[in-house]
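A.B. asks: Next come the chains, spelled out residue by residue.
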Amino acid sequence: MKRYLAVMSIALLAACSSTPTSEQEGAAVEDRSGATASAPAQKPQTQTTGPSTKPLADKSLSGNPLKDPANILSKRSVYFELDSNVVRDEFKPLVSAHARYLQQNRTQKVTIQGNTDERGSREYNIALGQRRADAVKQMMTLLGAQSEQIETVSFGEEKPKATGSDEQSWSENRRADIVYPND
Amino acid sequence: MSQKKANMPFSMVSTISLLRILLLGLLLAAGAARAALTIEITGAGASQIPVAIVPFRAEEGLAQRLTPVVEADLARSGLFRTVDPGGMNPVPHEPEQVNYAQWRARGADAVVIGSVAKAADGRYDIRFRVMDVAKQTQIAGFVYFASENQLRLTAHRIADVIYEKLTGEPGVFATRITYVVKRGTRYELHVADADGFGAQSVLSSNEPIISPAWSPDGTRLAYVSFEQKKPVVYVQSLLSGSRQAVAAFRGSNSAPAWSPDGRRLAVTLTRDGNSQIYLINADGTGVPQRLTQSSAIDTEANFSPDGQSILFTSDRGGGPQIYRMPVSGGPAQRVTFDGSYNVSPRHSPDGKSFTFIQRNGGRFSVAVQDFASRQVQVLTDGGVDESPSFAPNSRMILYASRVGGRGILAAVSSDGRVKQRFSADASDVREPAWSPVVNK
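From first to last, the protein sequence lines are chains F and W. If you count by the working numbering, then the first sequence holds residues 1 to 183, one letter each, in order. If you count by the working numbering, then the second sequence holds residues 1 to 440, one letter each, in order.
Hints were generated in silico from the structure; no laboratory data involved. For glycine and all other residues, C-beta sits at the position ideal for the given N, C-alpha and C. Check the hints yourself; a few may be wrong.
Computed list of lysine-lysine pairs in PhoX-like fashion (alpha-carbon distance at most 25 Å, straight line) [unchecked claim]: (1) F:K159 with W:K419; (2) W:K118 with F:K161; (3) W:K229 with F:K75; (4) F:K67 with W:K229.
Covered, in the sense of this in silico footprint (three residues per stretch, anywhere, with C-beta under 8 Å from a C-beta of chain W), are these stretches of chain F [said to hold, decoys possible]: (5) 117-126; (6) 150-164.
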């Protein structure tokens, strides 16, 4: 019970401290989506007066392969042709590297975000972006990743990487991104 | 604003529904005031009804004069031509003061007269009458009691009465529109009067907002927000401002459409794989019921006014086309055949036709198709037109377009003759939807 209360108060603290930077600002809007329940777990901050200790900083000797620029796992984007959800040959090494990584790290979760260029219906583009994300997921599961590790979502045309209205921008936006939780 | 039966010549409208408008108005007024949209009109109806609107007695003392708003509403519809009311002696405010011979000489078919007085409770007592010049009789007469912040709404309701009496169709001047404004990296969902005035922000976010849809009673908006780093469908009350995620399943959740009874939503989900249409409860309870069963994309559902069927976009035949199926299940039938890209269907409220976006040679235009004749009429020159929705009287279609790299709103009459362009200062405006009529 005590522990439960402690967790509650931390969650409350987290909820309070997060309000100034809140992304959503509705007019008298109440968020019932359960956001407070998923407040990030924080260790209680104990006030110490004596000497303090610090864990050894993790120098990237072993490194995080997902963040190592020399590692193919640091590459996350798969680009598509117009009206296509076929993963091109040049992106297959990238996709299979992530599939292997997921196979070796069974508790690792990943999100694949599909995107389209700006032309056409916004809602239909959500569905087209979803299909691109699903194509990448399908290839990963064939190469050993578990379906449960991967959530596919779509931004459609809503979050363009390139904002121009030309072929170069459009091809930049026909894309699926592989996103890890701590990215 | 309330409306009361006064003398015999005045009729009465339900006070309950008016109370609802009042509530909505008050709550919306609570938000921060934003820049107004201004409307520019091109084109005109096949025939325009000549009408004279005489400035009401004592309206010059009001914070908001009524007759200029009434006149602007009627002019914007493209169906009226205003006849100069000046120089009459006496200026008519009562039926016995109307000199029919003179109005006939000026070419007016109808004359609108009225007066404003301070009521005992401090509100304004606003009376107006529509006089038929040919028949020399009164064809409508109402009295409204309005406080100062209800004067514009009262003027819109007067314009609605005139519109209905003279065209035979209901007016939609006292309705609202919603749309998304993008300012830099910020997205806001706005609600404004149908003439672009009184815009209020009801939601503000750092992530995109798309596909707002009005509940049939006009008190709630469903929309898609990306604030959870994926598309999630929310329903927000305009009365309380509270909101709720009603579809936040694994994968993407989008394209909300209300059932006519306001109890259910059709949404596109990917929880079982490909994008398919499901029915969910509008309060977010229960388990989604899958409506379409295809291995293709099925999305952009829209209920028929009788609630029996939906139109939706599907690429089951290759490219995206519009299909229709019963809500009770069963086979879907393709309804669009011209061109390789037909999307975003919306029924007309009278159920006789639907509007959609058609791509022709890389350009996207607003089109309308008649259910009975299957005749398609392309209504706009095209470019990047998108997201069409009907006015509640089926007469106008509101849609989004782009001019000079900025999103704007525009409207076209369902016969293609009247065109309006709404412009907001220096912001990107998109995803419009016209509210239902909430006073009936």
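A.B. asks: So, for every hint listed, does it hold in this structure?
C.D. replies: To see whether the hints hold, each was checked on the structure:
{"no.": "1", "hint": "F:K159 with W:K419", "in the structure": "31 Å, violated"}
{"no.": "2", "hint": "W:K118 with F:K161", "in the structure": "59 Å, violated"}
{"no.": "3", "hint": "W:K229 with F:K75", "in the structure": "20 Å, holds"}
{"no.": "4", "hint": "F:K67 with W:K229", "in the structure": "21 Å, holds"}
{"no.": "5", "hint": "117-126", "in the structure": "holds (count 7)"}
{"no.": "6", "hint": "150-164", "in the structure": "holds (count 8)"}
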